[in-house]
Structures are given as structure tokens and as C-alpha cells.
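Build the full structure now, drawing on both the sequences and the hints.
Protein chains in written order, with the numbering used here: chain A, 645 to 1226; chain B, 645 to 1226.
Calculated from the structure, these hints are not laboratory results. Values in this document were obtained by computation on a predicted structure and should not be read as measured data. A hint or two may mislead.
Where chains are identical, the list cannot tell them apart; a pair therefore holds if satisfied intra-copy or between any two copies.
Distance condition first, Cα-Cα at most 27 angstroms in a straight line; then the derived DSS-like pairs of lysine-lysine [to be verified]:
| # | residue 1 | residue 2 |
| --- | --- | --- |
| 1 | Lys1175 | Lys1112 |
| 2 | Lys869 | Lys652 |
| 3 | Lys652 | Lys1179 |
| 4 | Lys910 | Lys764 |
| 5 | Lys877 | Lys867 |
Number of protein chains: 2
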Amino acid sequence: MKGSKMDKILRVNMSNLTTAVENVPAEWAGLGGRGLTSAIVAKEVVPTCHPLGEYNKLVFAPGLLSGTAAANSGRLSAGAKSPLTGTIKESNAGGSAAQVFARLGVKALIIEGLPKEAGKFYSLHVNRDGVTISEETELVGKGNFAVVDAVTERLGKKTGIITIGPAGEMKMASANMSVKDPDGKLRSHGRGGLGAVMGSKRIKYISIDDAGAPGVTIADPDKFKAAARTFAKALLDHPVSGEGLPTYGTNVLVNILNEAGGLPTKNFRYGQFEGHDKISGETMYDTIVKRGGKFKHGCHAGCIIQCSQVYTNEKGEYMTSGFEYETIWGMGADCCIDNLDDIATADNIMDDIGVDSIETAVMMGVAMEAGILPFGDGKGVIRLLRDEIGKGTPLGRILGGGAGHVGRTYGVTRVPVVKNQGIPAYDPRSIKGIGITYCTSTMGADHTAGYTIATNILNVGGYVDPLKKDGQVELSRNLQIATAAVDSTGMCIFIAFPALDIPECLPALIDMINARFGINLTGDDVTALGKSILKSERAFNLAAGFTNKDDRLPEFFNTDPVPPHNAVWDFTDEEIDAFWNF
Amino acid sequence: MKGSKMDKILRVNMSNLTTAVENVPAEWAGLGGRGLTSAIVAKEVVPTCHPLGEYNKLVFAPGLLSGTAAANSGRLSAGAKSPLTGTIKESNAGGSAAQVFARLGVKALIIEGLPKEAGKFYSLHVNRDGVTISEETELVGKGNFAVVDAVTERLGKKTGIITIGPAGEMKMASANMSVKDPDGKLRSHGRGGLGAVMGSKRIKYISIDDAGAPGVTIADPDKFKAAARTFAKALLDHPVSGEGLPTYGTNVLVNILNEAGGLPTKNFRYGQFEGHDKISGETMYDTIVKRGGKFKHGCHAGCIIQCSQVYTNEKGEYMTSGFEYETIWGMGADCCIDNLDDIATADNIMDDIGVDSIETAVMMGVAMEAGILPFGDGKGVIRLLRDEIGKGTPLGRILGGGAGHVGRTYGVTRVPVVKNQGIPAYDPRSIKGIGITYCTSTMGADHTAGYTIATNILNVGGYVDPLKKDGQVELSRNLQIATAAVDSTGMCIFIAFPALDIPECLPALIDMINARFGINLTGDDVTALGKSILKSERAFNLAAGFTNKDDRLPEFFNTDPVPPHNAVWDFTDEEIDAFWNF
Chain A
645 MKGSKMDKIL
655 RVNMSNLTTA
665 VENVPAEWAG
675 LGGRGLTSAI
685 VAKEVVPTCH
695 PLGEYNKLVF
705 APGLLSGTAA
715 ANSGRLSAGA
725 KSPLTGTIKE
735 SNAGGSAAQV
745 FARLGVKALI
755 IEGLPKEAGK
765 FYSLHVNRDG
775 VTISEETELV
785 GKGNFAVVDA
795 VTERLGKKTG
805 IITIGPAGEM
815 KMASANMSVK
825 DPDGKLRSHG
835 RGGLGAVMGS
845 KRIKYISIDD
855 AGAPGVTIAD
865 PDKFKAAART
875 FAKALLDHPV
885 SGEGLPTYGT
895 NVLVNILNEA
905 GGLPTKNFRY
915 GQFEGHDKIS
925 GETMYDTIVK
935 RGGKFKHGCH
945 AGCIIQCSQV
955 YTNEKGEYMT
965 SGFEYETIWG
975 MGADCCIDNL
985 DDIATADNIM
995 DDIGVDSIET
1005 AVMMGVAMEA
1015 GILPFGDGKG
1025 VIRLLRDEIG
1035 KGTPLGRILG
1045 GGAGHVGRTY
1055 GVTRVPVVKN
1065 QGIPAYDPRS
1075 IKGIGITYCT
1085 STMGADHTAG
1095 YTIATNILNV
1105 GGYVDPLKKD
1115 GQVELSRNLQ
1125 IATAAVDSTG
1135 MCIFIAFPAL
1145 DIPECLPALI
1155 DMINARFGIN
1165 LTGDDVTALG
1175 KSILKSERAF
1185 NLAAGFTNKD
1195 DRLPEFFNTD
1205 PVPPHNAVWD
1215 FTDEEIDAFW
1225 NF
Chain B
645 MKGSKMDKIL
655 RVNMSNLTTA
665 VENVPAEWAG
675 LGGRGLTSAI
685 VAKEVVPTCH
695 PLGEYNKLVF
705 APGLLSGTAA
715 ANSGRLSAGA
725 KSPLTGTIKE
735 SNAGGSAAQV
745 FARLGVKALI
755 IEGLPKEAGK
765 FYSLHVNRDG
775 VTISEETELV
785 GKGNFAVVDA
795 VTERLGKKTG
805 IITIGPAGEM
815 KMASANMSVK
825 DPDGKLRSHG
835 RGGLGAVMGS
845 KRIKYISIDD
855 AGAPGVTIAD
865 PDKFKAAART
875 FAKALLDHPV
885 SGEGLPTYGT
895 NVLVNILNEA
905 GGLPTKNFRY
915 GQFEGHDKIS
925 GETMYDTIVK
935 RGGKFKHGCH
945 AGCIIQCSQV
955 YTNEKGEYMT
965 SGFEYETIWG
975 MGADCCIDNL
985 DDIATADNIM
995 DDIGVDSIET
1005 AVMMGVAMEA
1015 GILPFGDGKG
1025 VIRLLRDEIG
1035 KGTPLGRILG
1045 GGAGHVGRTY
1055 GVTRVPVVKN
1065 QGIPAYDPRS
1075 IKGIGITYCT
1085 STMGADHTAG
1095 YTIATNILNV
1105 GGYVDPLKKD
1115 GQVELSRNLQ
1125 IATAAVDSTG
1135 MCIFIAFPAL
1145 DIPECLPALI
1155 DMINARFGIN
1165 LTGDDVTALG
1175 KSILKSERAF
1185 NLAAGFTNKD
1195 DRLPEFFNTD
1205 PVPPHNAVWD
1215 FTDEEIDAFW
1225 NF
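See below:
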């Protein structure tokens, strides 16, 4: 595959405050998104380096289809060595930045080095000429919403913005990076603490202006248009992406997971939550309709699934958007909080101070286990977020370090993490496929790396009984391979639902890539790409000192049965390690 | 080797609050001290277990010669999986407990399981009949000095006592276990956070009463007596153990290391400290003499080196004892504090709340790096110890987690640790042999594991130029093998000085072991024992998920030259890994 001649790599060296525009090396020309960020990190970052030191690099890359008219292709990948997990990390987000980068012909932005002058913060401005570095003073210490408002005011509404909040500035391991969405709100590169890497490089925000950009050229426009139409139809025809997600958002899952007994409750003690109805997607939908919010909302132009929403308070004022199941599960069931408004307030604060809402929610469950606040204390969660994490008090520093950090600080043993990353919203004892993903993902515990919930729970792509061990390793492996490839296209993960069930969907996706670049990839090529991404990420982790001993769930999953199925995690080491036999 | 028929293993199960007296399995009969604790941990502890969970075990074992009249044989080994490093851990201490255990015929005390009832604390009482478990309420939350006083009051002055302070109760990763010395003061199993393991098992203290004990039988009393005399003479004849240590204590090293440019200063920025004279052993000696303290003091009956001292304030009141070079270096040069009384006050508080003074001193340097307090702020250190760590405030929890934990909490990259354990008082860039020990020790950064300072700096056992790479791996390997064997005898590490220089010393040590047990070990057997201990410890660590990637110094040692020699750490990975070629 050849990239466009216009394509370029932007490189920023924060040690000497210089920037460069580079040609795209041949080996990277066919890559985008996760495939490219992981290739760059694997090639240029010393695996054993300190994640916050001068040898780590922060890489952004739009997907192969970003910037085109393909539906749902606006995801931006970010990569680095993670300060949370110590592994390689790719985290992708919606918002408008991927499309702006793509229109500028930016294959990747690589940020390396560390500023020499203590304390100074900077901003990067990307346009058709390259990157400029400016010192930033006014916005240092400010929350993400204020940064987006101020930069939009400075540079105009169309400007793409990537920003960190106070958590990223303070290099907290749960810090995320936020991307402006079309409404001036936020989407996040949530997992793995990449906001701390951006903070270590002392970049408060990146603005991206595509004025005069060359735009994306399509090698075969007619073929592209036809494939894009077929693809979009598949997205709209599937009951999950065409109906469930647009209506209830990802939070449609609360009742489904509760029914399945896989909704981790009270720091992973139970699989069902008494208050599930009060925080469910259905309740959220009714509340939004009653208060006059929006139950459908896209995180980037061209999204036709619209799983986001605008959740307002009783006065109709904005509370949050992108109000996801995992956040609501974590602050809700896992912390035993059944007040959706409290959770929305927490979500808003997390967006503003810039911490991953999954890591932070799992962390709050551990903080409750440690006795820092009682289970069920929604107001306490809000207070800790605003007055402790946001202000960087000692307690805030502890909490901002994530679930594992709180566990270590207080000597807690019931700490649901893999590779120090908080385990998300699906209990691996009662939904065993996702446990294999948590164990083996190159990213630490990450449901999106191989979302077996589709097949274990939603009957998408067939059915594998969640309570039995049979078939789970294969399921997770196939999904992780496919996901690594999909994460390279700029596509939202939710295209997986139609891709697994509707025969025309995946060929149409491949056709779009072929039409965009004038090439002839097959399904096998895509699988091979996914495998090679996973293997290179795994190689990085092994070189960083990880072993198969790190591919394990915490011991309480083996010993503590989870109601209602009273299931335990019962895979042997050998069974888990067989994941890598491909 | 056969043990005495009287010998026994004591086993305590905290899960069901039962105890047992067991025969000594044949495979353990010839082992003592570190050899035995590591054998038990390697056999009975799941390497991947949570160090504070129910599958870790805490093991105590006196040395092979403990309880005999052999000089300096009163060290007690403690072993477990370390909550600080995640590795196997042996930490040995003086005090009277080893001798009391030995007279009772207790080869080892093994504590397993976790109490089921939340919050309750217990004490163990060991006597000739076995162990009893009692609930403890009065002393919970109390400092170590109060515990020793109260238990002595309850049970009499001859009682051996092992105790944890508030830090251990709070399961802080820097928590130590303290052992009562003959004067009712404290010696510590300092490194690796074993106090947190004792705290996780909710044992506040262990009392040991040897009334009616069988005592230690000597197979060949005449041979033993002769060898013991030769051995003692060697200890007294060597200039280090016979003169330097008894006069100035271990703190004789401040001026020596400063002169060598290997005294890490300002969180390992420099190799010399302007204020070295004010905290040196010579100044300490003069101060003690002037104030009427004791400059010579033994940590256990039968110690003839007497490197301890009683350091008093201007009114002649007790401030601290066992006032070691590493503590004084760490709170002194590394934190830029040149007031010996401040450091003595800090030492006293650390003893009382029960934290390792090396880990805590290194941690304070990192805390200063993080901006928590300014370099040089002795009063600030005292305040943090007393009001934060001692009280378990959020900041105290951060600090109590050790140097690495503070680094992670504040995003600091200049963090001198190996395997998360603070690097002690000798800069590995300008004294390269000790760097090999830090990297390769199975215990994390630990100078005592293979004290190359002897040969690199003190010209004991020959001389290997500290600034060159040549010979360092071999030096560290030979010393680590020898140390593992010595740590099994109950001997103090300082017998190494005469053992390396005086030809009669090591044969006399072996003769004592042979005479004690009626066997015929050779020097080769002792070397084989040392090798096998290291290998079994290494095997545990590999099974726990460690790799050679963990056998590395932090990256700033490679990049930042340390004055005055402007040396960097320049060993290749291959050169370091060659350590294990034996």
C-alpha cells in the first residue's frame, strides 16, 4: 500500500523545542491508527524506559479511513509506553482531531524529549506548514472545558483540539487526553495514563488547523462511494448499532449485564446490583427525554450510530455527554451508587480534570474497600474528584494514581486490575471470554481490545456460553486480532456488531480501504495485519520485562465465587497462555 | 547434616487461629537462617501470590550457630514474599530473639493465612510447649518502644520480642519488624516491608520465652571452644571489625565514602556532601563522648564487634542506638541535612513507628525531589515522620510506601530504586561493584547482599578499582555467594572483613558449624550452599514474573554523570546478566 505523496510525519522535540516535517518511511506508508502508533512506539521507544522520562514518545495517528466520508471513521489513535501499565499503549478517541489531521495529510505526530526549563508549559499548533511550539501560561492549571473554550475563542470553532487537564499536568497515572468534539465538548483517549505522558512533555494542548489543507484523495471515488453506502446501511440495519446504541447509548448494557449476573458490584463482590434500574440506559433515556436533553449524539462528524447523548440537569443545563456504560457501571454498581445525577456530575468533573472515567471508577471501588469513603457515597465521590484529585492534594495524588495505586497505598488485596489497569464493567468469572481478553491484551485489562461481550452476552457473531471455558480463548483471540486491524482504520469499535453479523459489512470496509488507496487488500490481509500488530505489541512488552505471569487476573477471582452464578475464574495458566498460539 | 532431635518447626495458621509443632523435614535439617527461610518460602509460597494476601507466609529462623557461644551469631532471619519488591525476601536482624528461638530448639516459625475477623489484632507467645495466639487490644496503634516496654513488663526482662509499629499495622511497604535488644531497645528486620506482612496477618508482636528450654547441644564441645576462640580473635584482630566499627560504628563510612566520591548526595546528584564532617562517625564519636553516651554497644549478647552505640541528647537522654551509616547518609547527605541531632531524632521516630530507615531515607530524598519539602529540611523530615507516616494520613501513606511509591505518586523520574527497593548509601556509578549487587541481588537494591565496598573501597579481600568495570561482576558474585551462606549461620555480616583477610577466620567458622552438628563441611560445601540459596531465590523471582529486565539500575544512572569522577553506569545488559553464570 502506498500513501499519498502529500502524507507526512510531524516530529516535535521538546528537549530542544524544535519541530520537523518528515516524509513517511515506506514501512509505515500502509499503516494508520493503532497499527501506526504501535509500529512507531515499537521502533523508536526503548521498552525499558521510564514512561515519564525523556525516552518515551507520544504518538498520534488518524486511521486509514479518517478524513474520508466513510461512516464512523473519525477515531484518533494515541500511543506511547503507558505510565499506568508499563506496557505499550494505544488508546483511541472520537472528536474531530483525527479528521483534521487526515485532511492535513498528517500520518502521525510524534512528540519526543522533555523540556529542559523546569515548570514551563507549552502548546503545539499544527497547520499545513507543520508544527509550531509556543509557551503557554494562561491555561496552565485550567480544566479541559476551559481550555477548549479558550482555544476555540483564540483560533476559531473549526480548530481541532487535544488537551490535558490538571491531572495530566500533575502526571497522574489515570490522566487522559481529551479531544474536542463537534459541539465543543470532550471525547477522551481514556486508558493507560497517556495524559501523564503529555504532561511530562509539558504540552497543555495541541491545536490543529486544516485551513488550506490538501484534503484526502480517494483513488477510486465511485468504488469508495458504493462501498461506503453498503457499509453505512449495515451499521443502520444491525439491531445493536442501528437501534440499541442510538436510543440508550452504551448504557443499554446495565440491565443486560445485571440480568446476565456479570455486572460487577461493590468492588467485584457481586454480579448484580440492586439499584440497577435507577442507573440503567432505559432510565437514562427517560430522564433525558423528560428534561429535554439529547438521547442521540455523535462524537465526530460522520458518526451514524450516535451512541453519545447530552445529559442535562432538571433545569435543562448541560451535565455531561459521552455518558458511557462503563462509567455508569463503575461509579454506579461497583461503588453501590444508584443516583444517576451524581454519576453525571462525577463524569463531568472527570472530563474536566482529565482522568479516565473507567480507571477512576474502578479506583473509587478500591478506595471504598480501603475505607476512604463508604460504599454508596455519591456525594463523597464528587468531593474527592473535585477537591482532592482536581487540586492534587496528597489524597488526590493517591487516587489519581488509579486502582492499583490506591490498593498498594492502603494494603488492599481486593484490587481488580491486570497489568495495573482497572478491570472494566464485565465480571470475568461469569463472562469468561472477557477474562481472557483482560489477561492477554497487550494493553492491560481492556474490554475494547477483544469485546467478547458481543458473543458471550449479545449473541452477536454467534454465541459462546459465558459461564463455560470452551471456546473463550479462540473467541478472544479472533476478536483481538480483528480489533487491532479495525483500530487501524479509524473506525469506531461498534462497527464490529454489523461486521460480525451482516455479510456485506466487512467486505465493504475493506473495499473502502482499497478504493481510498488504490490497492487490493483481502480479508486475509486484514487478519494478517491484526496479528502482526498484536505480535509487535507483545514483543515490546516482553522486551520491557513482562512475562506470561503478568497475563493473569488477581487472585481473588480464583478464590471468591461471584453470585448469582457463584462462578470463579478457573482457567489454568496453560489455557491462558495458549492465547498466543497464532 | 542432622539437626537435634529436639528441633522443631512451629506453624501458626491465622485463618483458623490454630498452631502446630512439627518435626523438621530432612531436607531442612541442615539449614538455618536465610538458607532455611528462603527454602520454606520457595517451597510453600505461591510466587505470584499477593504479598499481603492469605497465600503469603512469614517465616523466622535463627542461624545455624545462633544460641551457641560463637561470637556474633545472634542474627535472626525473616523471610516472605516482599510487599515492597514482589521478590523473595530475607532480612536479618540482631536482638535477642534468635538466641531464644535457638535455645527452644525452634528451627523456624512459619506464620500463614489471614485472620477472618476484620480489624482484630493478635499476639503470639512462643515457649517450650509451642505457640499460643491471643487477641491483642491494648497495644494496637502503639509504637515499638511502648510495645517492648509493655511486653517486658508483662512477661519479664528475658523475653524475646518481635514487634511492629503503626506502619506495619497499616501495611505500609516500608514497614519493618523490630526485635528487642539486650537493653530493651530495638534492632530491625529492615528491608523489604516484612512489617507489612506481619501487619497483614494482624500480629502486633511475638513474645518468646525460653524458660525450661532444652538449650543448644554441641556435638564436639572442645573442638567448638577452640574454633570459637580462633574466630573471636580474628574478629578482634581485623582493623575494621576490631577497631573502626567499635569506635565510630558503621558511620565511620561517611568520611570514607565522601573521600571516595561515592556518597550519594541530594537524591543521587553528587558523590560528595559539603556537610559530611558534621555527620561523620568522628563527629558522632566526639559528640557521644562529650555527652556521656556509649560509643560501643552490642545488638545481641555475644557480639564482640559492638558497632552500635547509644546516642544521647545534650541532657544525656537516650536519643537512638543502632545509629547506622546508611541512615545517617540517607537523611544526611542524600537529603542535604547536616544536623546529626535531627537525624538521630528521625532515627528514633523511624524505630518507633516501625519503618525501614534506609527505605525511608531514600524516600525522603525523592519526596524532596517531588517538592513535598525542601532539601536540607531536617525539621520537616521529623514532622513528616511523626505527623504524617506515624498517623497514617494520606501523605503519610504515600511516604510509607517507600521511594518508588513516592516517585510514582508524583511522577518523579529520578528515583533510585531497583525492584522498587531504595538504593542505599553507595553510588553505583563511582563504585561499580556495588551496582552489580544492586542489579542482581534477589532482594532488590541491597548493599548487604554482596558488600563490594569491602574490596572496592576498604581494601579488604584485595582491591578492585571502583571506577572500572573490570572484575566487578566476579567480585559481586563471590561476595553474594559467600553472604548467602553467612546469612544462614546467624553471623553478623561484619565477620566478612576478617573472613576475607585473616586466613584462620573462615576455617574457624566452618569448624564451629562442624563441631556444633558433628559433621564435616568443607569450604566447598559452604560455597555450594551459598550458590544453591541464590539459585533457589532467583527461581522464586522468575516464577513470580521477574526477568533480567528487572536487574537494571534506573535510567538516570546511565545518563547523568556523578561528580567528582563524573562517572556513569556503563555496564551492558549482557555484562550484568553474566552474573548468573555459575
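Comparing the hints with the structure gives:
When the C-alpha separation of Lys1175 and Lys1112 is checked against a cutoff of 27 angstroms, the pair qualifies only within one copy, where the shortest distance is 26 angstroms, while the shortest distance between copies is 46 angstroms. In this assembly of identical chains, the alpha carbons of Lys869 and Lys652 lie at most 27 angstroms apart only when taken from the same copy (26 angstroms versus 82 angstroms across copies). Only within a single protomer do Lys652 and Lys1179 lie at most 27 angstroms apart by alpha-carbon distance; the minimum there is 26 angstroms, versus 52 angstroms between protomers. Within a single copy, Lys910 and Lys764 get their C-alpha atoms only as close as 42 angstroms, which misses the 27 angstroms cut-off; across copies the closest is 23 angstroms, which meets it.
Taking the shortest alpha-carbon separations for Lys877 and Lys867, only the intra-copy value of 16 angstroms comes in at or below 27 angstroms, while the best inter-copy value is 94 angstroms.
Going down the numbered hints, you'll see the structure goes against none, and every one checks out.
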